[in-house]
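J.: Those sequence lines, one after another, are chains U and G. The C-terminal position of the first sequence is numbered 1603 in my numbering, with every residue numbered one higher than the one before it. The C-terminal position of the second sequence is numbered 196 in my numbering, with every residue numbered one higher than the one before it.
Since the hints were derived computationally from the structure, they do not count as laboratory data. A portion of the hints provided could be inaccurate.
Said to hold, decoys possible - Pairwise CB distance ranges, derived in the manner of DEER restraints:
| no. | chain 1 | residue 1 | chain 2 | residue 2 | range |
| --- | --- | --- | --- | --- | --- |
| 1 | G | Lys36 | U | Asp1597 | 35 to 41 Å |
| 2 | U | Ser1526 | G | Arg127 | 25 to 31 Å |
| 3 | U | Thr1492 | G | Thr119 | 18 to 24 Å |
| 4 | U | Arg1534 | G | Pro156 | 38 to 44 Å |
| 5 | G | Glu48 | U | Ala1491 | 38 to 44 Å |
Stated by the list, open to error - Below, in silico cross-link-like pairs of lysine to aspartate or glutamate (EDC-like), each with a Cα-Cα straight-line distance of 16 Å or less:
| no. | chain 1 | residue 1 | chain 2 | residue 2 |
| --- | --- | --- | --- | --- |
| 6 | G | Lys58 | G | Glu136 |
| 7 | U | Lys1529 | U | Asp1500 |
| 8 | G | Lys131 | U | Asp1569 |
| 9 | U | Lys1513 | U | Asp1487 |
| 10 | U | Lys1600 | U | Asp1570 |
| 11 | G | Lys131 | U | Asp1570 |
As the list claims (entries may be wrong) - Sample of chain G residues facing chain U (criterion: CB under 10 Å; computed from the structure):
| no. | residue |
| --- | --- |
| 12 | Asp42 |
| 13 | Pro45 |
| 14 | Ala77 |
Computed from a prediction, not measured in an experiment: that's the story for all the values here. Cβ coordinates follow ideal geometry from the N, Cα and C atoms, glycine included.
Okay, here's what each chain looks like letter by letter:
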Amino acid sequence: MSIIDAIKSKAVRSPWLYRINAGSCNGCDVELATTALIPRYDVERLGCKYCGSPKHADIVLITGPVTSMVKDKVLRVYEEIPDPKVTVAVGVCPISGGVFRGSYSVPIMLDDIIPVDVNVPGCPPRPQAILEGVAMALDIWKTRI
Amino acid sequence: MVLSIFKVLWNNLKQGPSTDPFPFGETFTPARLRGKVTVDPESCVGCGVCATVCAGNAIKHVEREDGSGKDFYVWHNTCTFCGLCQHYCPTDAIRLTNNWSTAHRNEDKYKMKEHEFIAYARCSECSQPMPHMPHAMLDHIYGTPTEELENIYSLCPECRRQKAAQQFGAQIHD
């Protein structure tokens, strides 16, 4: 076991982030870009980096109130992310529907279709809150390897 | 032109990195940042204007069946930090703190709420439950309190009307 544990501790290095916009208003996406691109917040200190392909991702950040038009597409992209993966819901919309709850085009919440691990509520959340959520997701990801 | 870049470089060397140390250290929080909502059950009158203006329907008032008061719920996972409740609250009972730390595990999703019990006052004549009015609010409505006013503060609207009618009737007879 100790060898496996040693390998596990070596394997935990840099989880890559992937962003899914599930009908978001773009507010949370701007905050996600802020967390990554502005030197003040700099999510790359945690070893995280945004990647363009779901096949390279470890932590998936989902924004927006999974609308009925985008639901199947979200599921299709989510299936392409290899295990182990950690899901983070960013903003109030994927968590509860937010201000769109009860709308004809928002019939479900995100955790009805996808197992969500961390929630970061806010409209939009502060970059520090997103960093806190990503740090939480990192801890979960380490236990899954 | 060429020298200005050296000035920038020198300033950057002097200041050090501008990266915020969070999550490894402390971060800055502006004092007026709009974050998690708190409710003060002492000064709340239960008027429900916060639930009416709430953009995301995050605030709920539920009457207790025994008439002892109402339950006040604020769901942080629906709150958009817009601050309308704070703006419209007549007694400043509901406030937005600058606590931005909202990230949580999905297991705790339904624990992310603020729950307060708003107790009703009892009428001193007929012991009917009625909304509890803080003294500061009554002073704001009626002006400087006199002894006569102090007597009707503890009455329900029905008893207050009757008492006012009796006083008026007594005046006519005189």
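J.: Now tell me, hint by hint, if it's right for this structure.
T.: These are the hints, each one checked on the structure:
1. G:Lys36 with U:Asp1597: 35 to 41 Å: Holds, since lysine 36 of chain G and aspartate 1597 of chain U (Cβ atoms, about 36 Å apart) stay within the stated range.
2. U:Ser1526 with G:Arg127: 25 to 31 Å: holds (28 Å)
3. U:Thr1492 with G:Thr119: 18 to 24 Å: Distance hint for threonine 1492 of chain U, threonine 119 of chain G holds at roughly 23 Å.
4. U:Arg1534 with G:Pro156: 38 to 44 Å: Since arginine 1534 of chain U and proline 156 of chain G have Cβ atoms about 56 Å apart, the given range 38 to 44 Å is violated.
5. G:Glu48 with U:Ala1491: 38 to 44 Å: violated (24 Å)
6. G:Lys58 with G:Glu136: With a Cα-Cα distance of about 9 Å, the restraint between lysine 58 of chain G and glutamate 136 of chain G holds, given a limit of 16 Å.
7. U:Lys1529 with U:Asp1500: Status violated; Cα separation ~30 Å.
8. G:Lys131 with U:Asp1569: It holds: about 10 Å lies between the C-alpha atoms, which stays within 16 Å.
9. U:Lys1513 with U:Asp1487: violated (20 Å)
10. U:Lys1600 with U:Asp1570: Distance of about 25 Å is beyond 16 Å: violated.
11. G:Lys131 with U:Asp1570: Cα-Cα ~13 Å, so holds.
12. Asp42: holds (5 Å)
13. Pro45: holds (5 Å)
14. Ala77: Where the cut-off is 10 Å and the nearest Cβ of chain U is about 6 Å from alanine 77 of chain G, the hint holds.
Of the hints listed earlier, those the structure fails to meet are numbers 4, 5, 7, 9 and 10, in rising order.
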